[in-house]
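Construct all of the structure, not just a fragment, from the sequences and the given hints.
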Amino acid sequence: MTTPDDRMPEQPDQPHDSAQPDPAVSGGTPAASAASAASGASAAVGHSGDPATDARPKRTLSRRGLFGLAGAAAGGLVVGGAGATAVAQATASGTSGAADSYAFFGANQAGIVTPAQDRLHFAAFDLSSTASREDVVELLQDWTLAASRLTQGLDVSEDGAVGGPSLAPPDDTGEALGLPAAGLTITIGFGPTLFTSRDGIDRFGIADKRPAALVDLPHFSGDTLDDAQSGGDLCIQACADDPQIAVHAIRNLSRIAFGRASLRWSQLGFGRTSSTSTAQATPRNLFGFKDGTANIKLEQPEIVDDQVWAQKTDGAGWMAGGSYLVSRKIRMLIENWDRVALGEQERVVGRDKGEGAPLSGGTEFTEIALDKTGDDGRSIDTAAHVRLAHPSQNKGQQLLRRGYNFVDGNDELGRLNAGLFFIAYQRDPRTQFIPIQRQLSQNDLMNEYIKHVSSGIFAVPPGARNADDYIGSTLFG
Amino acid sequence: MRKTHLAPAAVGGALTLAVLLSGCVANNPASSALTVDITDDGCNVSAATAASGAVKFTASNKGTQVNEFYILADDKLRIVGEKENITPGATVDYVAQLSPGTYYTECKLGMVGAGIGTSKFTVTGDEVALSGTDKEQSDTAVTNYVAYIKEQTDGLVTNVAAFTAAYVAGNDDEARALFPTARTNYERIEPTAEAFGDLDPKIDFREPMATEDGIPFTGFHRIEKDLWAPAGFTPSTPAERQELADGLNANVKQLFDLVREKDFTVSLSDISNGAIGLLEEVATSKITGEEDEFSHTDLWDFQANVEGASVAYGNVRDIAVSKGDDGKKLVEKIDKQFDALNKQLAAYGSLDAGFVTYDQLSTQQVKELSDGINALSEPLSQLTHTVLGIAE
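Residue numbers (our numbering), protein chains in the order written: chain A, 1 to 477; chain B, 1 to 392.
Keep in mind that the hints were calculated from the coordinates and are not lab data. Each residue gets a CB set at the ideal place from its N, CA and C atoms; glycine is no exception. You may find that some hints are simply not true.
[Claimed, not checked] For the chain B half of the interface with chain A, some residues (derived, Cβ under 7 Å), not all of them: (1) 340; (2) 342; (3) 374.
[Stated by the list, open to error] Quick partial rundown of chain A residues pointing at chain B, CB under 10 Å, derived from the structure: (4) 126; (5) 128; (6) 129; (7) 166; (8) 262.
Spelled out as structure tokens, the structure:
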């Protein structure tokens, strides 16, 4: 591994980890190979064009101009094949089976059907009260450029962390030097208040473009939401297999936003609680149960198209290829949960704790039989979590879940401030999250052990097609 | 106040300001020629307007004491041009390169105290491209900034004297009213004052820092604690008050003297970094409300820091502009954010009319101010590189 000092000046675009790809270790473990292959086919749904070209930022954006960062935009090379390979698996810390890097440009934003990485840094932003429509567009362009670089394992700009003038602060904050892309995806979304402010003002002339599906979420039974930890004009979901990489992304994108938008709230997640690919092992949430067994997987393209991607015919044409993100910070009262007998825990969830098999019998991936009694005489309770969340109980509607475990220290009573930062993607929250959550919030046995403390809903637009495009161009263009 | 002191700014070379000024303008024939009649109580410029470009002032001191002639920017803080040491009976020429805008002219009798005959002076016409070599431009910026530092220490001595007099006399209401503005001059030039390592701790340390450094807790904040005594605090006796007042007066006088020593100067990067440093000062200790923990008059300091940053920036702004498109874009951004921040601050008051106290601001209001500081600090942090690092 070379250090930054070893970089050749004519190669400013080296990845953080500029080790040469070694064909012998490319792809890493079988799991990673499978995921990479899958992402090539499906995660990159519509991710088109030559990645080597696509990843090359061409436009001169405001921040570049401002900093006088190197005229020749992409003098250097571009990292290996997007969505695949390059950096040896040995340097990747994760077990998610995610690839080492994913293409940024494409028909859909990455970070949705992409195999869920291990770590999350999620951030919600409010635009400055003085921000104009031009400022918003410029910010989205700057974020797009930065994200297109960061996701390829590059510094935020060509000058980066150590390549700039010594009299100026570095463009890149530097903590990712020497680290690979770690499967980083950066996914940008628009909250309802981007379209109409809390005071009812159409600040950016886009109120009439607000999709009908981007509703204000209703109050659900038991909600104890903290407004300061909820909502936001914009959001960024940064997922990676290395927490330092995810944090580096949010930190640098926040810095780019200064003067135009500032952080409203943010959340770290340390362990994925869903699989979004059949190549991934099912992880566990902080209740100790496997989570996301029956999740939508990228290998199910028909279901993905039907349940995840907004379609042109859905109403807001600019959202075609996008999706709707609902975030819910769910505090788990884990101390109480831990004192619940195993059988009762399993009754609440509706699955067995060890294997993750439904109580109606079989193994983890056996289809849930809601009305069947298993060999051990147990069946799925009428108010068990898996029953109420099951598509058959929700008019066939599903969610692509992409949540993360969190522990934010402890509360003043000495209890871990822990839980699930729930993220779900869907085609229309009005027919998916809202009715499902209404049902759960009223009847779920699990409600005794959880509390929803923050909430967000964001329209996640389609991807930027190439380096001349930006996230949000279909809305603002 | 801050714990990490900047390197002392003084450099050895004895700079003669007058020489620099004339050197700066030697090859520029004046486009306007005006006269200045200086008397002991007047400062009369022959016209209140001029065309942009080189403006020649022929100043005649018809009074009885040595005098100075100043041209101030529209903030009445930043010095755009200065001719000092005009002796009685003397007539001197001074040429200033003036861009379109509003200025103020004034004289200073005996070279200290308040300005005399302060008058609005309007320049119209085309923008004036900065002329002269890098060295000349730099010298002009330094000359004007040093003059401004002296001006501020002058005000500091006067204002601290009035403040401490009220404090010693036991007129606590008056002293409390004077406290925030007695600090203003200091807060405007804080990085310079901090460059004199042992002076800032005596003048402006807060109690925890004095304790950490094992030095007596003196200066502004010790007096502040007397005037806004927290519960359980034993206020100073009259004798102790006298001692604290004498100490503060002596220390600000020492600062006044130090910046008038013959070899005192600052570098261009001191000015540029001073602008950045003043904003960082706001971001670290003012935004948290910890600076004036007893009086909660942080917004006065906040405003003074921002003014100080604005003046320092104003002194090197033209140089940044002369560095091409990158420089122009940078100043556009910085100008915009200074305007925005000043508007934000104006919502809470002014130095003249007073501000609301910091404990009255909501968390949301403090966050908005913090966002404003961040918005300005990011582009401002590029200033030194643009001014010094980009070759023309």
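Hints, verified against the model:
1. 340: At about 6 Å, which falls below the 7 Å cut-off, the nearest Cβ of chain A leaves the hint on residue 340 of chain B intact, so it holds.
2. 342: violated (12 Å)
3. 374: holds (4 Å)
4. 126: holds (9 Å)
5. 128: Hint on residue 128 of chain A: holds, closest Cβ of chain B at ~6 Å, below 10 Å.
6. 129: holds (7 Å)
7. 166: At 8 Å from the nearest chain B Cβ, residue 166 of chain A passes the 10 Å test, so the hint holds.
8. 262: With a closest approach of 5 Å, the residue 262 of chain A hint holds.
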